[in-house]
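J.: Sequence:
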Amino acid sequence: MTPNLVYVVVIGVLFAAGVSMVLERSLTRVLMGMILLGNGVNLLILLGGKAGTPPIVGLGPDEEMADPLPQIMILTAIVITLGMTAFLLALAYRSWAMSGHDEVQDDVEDQRIMLLAERDEGSGTDDTDHHEAAR
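Convert by adding 7 to the 1-based position in the sequence shown; the result is the number in the working numbering.
Don't read these hints as lab results, they were simulated from the structure. Just so it is clear, CB atoms sit at the ideal spot from N, CA and C, and this is done for glycine as well. Careful, some of the hints might be misleading.
Said to hold, decoys possible - Now the in silico label distances, taken between C-beta atoms and shown as ranges:
#1 LYS57 with GLY107: 49 to 57 Å
#2 GLY67 with MET91: 34 to 42 Å
#3 ALA104 with PRO75: 42 to 50 Å
#4 GLU128 with PRO75: 53 to 61 Å
#5 LEU98 with PRO62: 21 to 29 Å
#6 LEU82 with THR60: 12 to 20 Å
#7 ALA24 with TYR100: 18 to 26 Å
#8 THR92 with PRO62: 24 to 32 Å
#9 VAL111 with ASP74: 20 to 28 Å
#10 VAL64 with MET105: 52 to 60 Å
#11 ILE87 with SER27: 17 to 25 Å
#12 GLU31 with ASP74: 31 to 39 Å
#13 ARG126 with VAL17: 25 to 33 Å
Go ahead and model the full structure; you've got the sequences and the hints to work with.
T.: Below, the structure is given as structure tokens:
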């Protein structure tokens, strides 16, 4: 199957929208981004297959049979996407039930590391100077 320009554009839009939504702080948007990425992957796998008759021996000539591997991979990707969706939906619901919103907060340890990194940038020294001074 030769790739159609419409399929390629749709796959690109699904991937772009999915990645931009996964990078958000809201778990609901992360969930929607994962769903879009899953659909983009399914279309991408679909483009790798060959169109033809059903892959059942005896229904048609062997040369005209469709390749069953992309179909199996798409079914597996659908199941994986469904599992990820269920997990992220449960995670978002639990976050909403505990805090009243589904936004991911900064970790205390992440904030401490960011402050240390900002101090290192402001001092004009790097880690190698600190290690040599400690010796």
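J.: Identify every previously stated hint that the structure contradicts and give their numbers, smallest first.
T.: 5, 9, 13
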